[in-house]
Amino acid sequence: MTNSIMVLAGRAIVLATALAVLAGCSSRESQTAAKAEREQLAALEDEQLLPQKPLSELTGEYSGRTPASEAVFQALSQLGKPYQWGGNDRNGFDCSGLTQYVYRKTNIDLPRTAAEQYRATKRIADEERQPGDLLFFNQNGNRIDHVAIYLGNGEFIHAPNSDRNVERETLDHVYWGRHYVGAGRVQGQQTGR
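Residue numbers (my numbering): 110 to 302.
Hint data in this document are derived by calculation from the structure and do not stem from the laboratory. Idealized CB from N, CA, C, for every residue including glycine. A few of these clues could be false.
For each label pair, taking beta carbons as the anchor points, the in silico distance ranges come out as [unchecked claim]:
1. P191 <-> Q296: 27 to 35 Å
2. G195 <-> R252: 17 to 25 Å
3. H288 <-> W194: 15 to 23 Å
4. P220 <-> Q248: 17 to 25 Å
5. H288 <-> A234: 14 to 22 Å
6. V283 <-> R232: 36 to 44 Å
7. P191 <-> R221: 15 to 23 Å
8. N200 <-> A234: 23 to 31 Å
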């Protein structure tokens, strides 16, 4: 009996050590990712593409912040969050859940699906795209089935699929460029230009 207790105690020590090592690796990786995200946000704030604080903290004075820039800020803060079919909160997002969530943070309500968001936005030419606009894609036939938030310079943030988390991507990517349909501006969105 004491031998089996010793074996179990030994296994528990090995397991605890392994978990501690894994937790250390995980926290270093998440610290590195968090630092990179903070640097990206700071760079965008320096370029005045993002507000210094959320719209929800404004006192009613005009400060140059727009729903579009706040949507970009909110989208960037969701980088790395898990994909979740039907998700539209910080626990996980699908593509239209992400866009709905970030615009809800600016007090603008968007419909739930990519196709509904496409119908609810104003079509804009590619050369008129601005940060905060929505990009629409057709991946599976002849309907709008994916949406992303435009960052500028051909980049966007989206919740791509169950194999990947919320991420940045570019329209230059062969897949996304081939499936891109067009851009739309959220009604009530002021871009600051």
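Honestly, do P191 and Q296 meet the 27 to 35 Å range at C-beta? holds (30 Å)
Take a look at whether the Cβ-Cβ distance between H288 and A234 falls inside 14 to 22 Å. With Cβ atoms ~19 Å apart, the hint holds.
G195 versus R252 beta-carbon gap, inside 17 to 25 Å or not: Check passed, 18 Å falls within 17 to 25 Å.
Has the hinted range 23 to 31 Å been met by the Cβ atoms of N200 and A234? violated (36 Å)
In this structure, is the beta-carbon distance linking H288 and W194 contained in 15 to 23 Å? Once the Cβ atoms are compared, 19 Å apart, the range 15 to 23 Å for W194 and H288 holds.
Is the hinted range of 36 to 44 Å satisfied by the C-beta distance from V283 to R232? The hinted range 36 to 44 Å is violated for V283 and R232, with Cβ atoms some 24 Å apart.
Between P191 and R221, does the C-beta distance stay in 15 to 23 Å? holds (19 Å)
Cβ separation of P220 and Q248, checked against the hinted range 17 to 25 Å: holds (19 Å)
Comparing the model with each earlier hint shows violations of hints 6 and 8; every other hint is respected.
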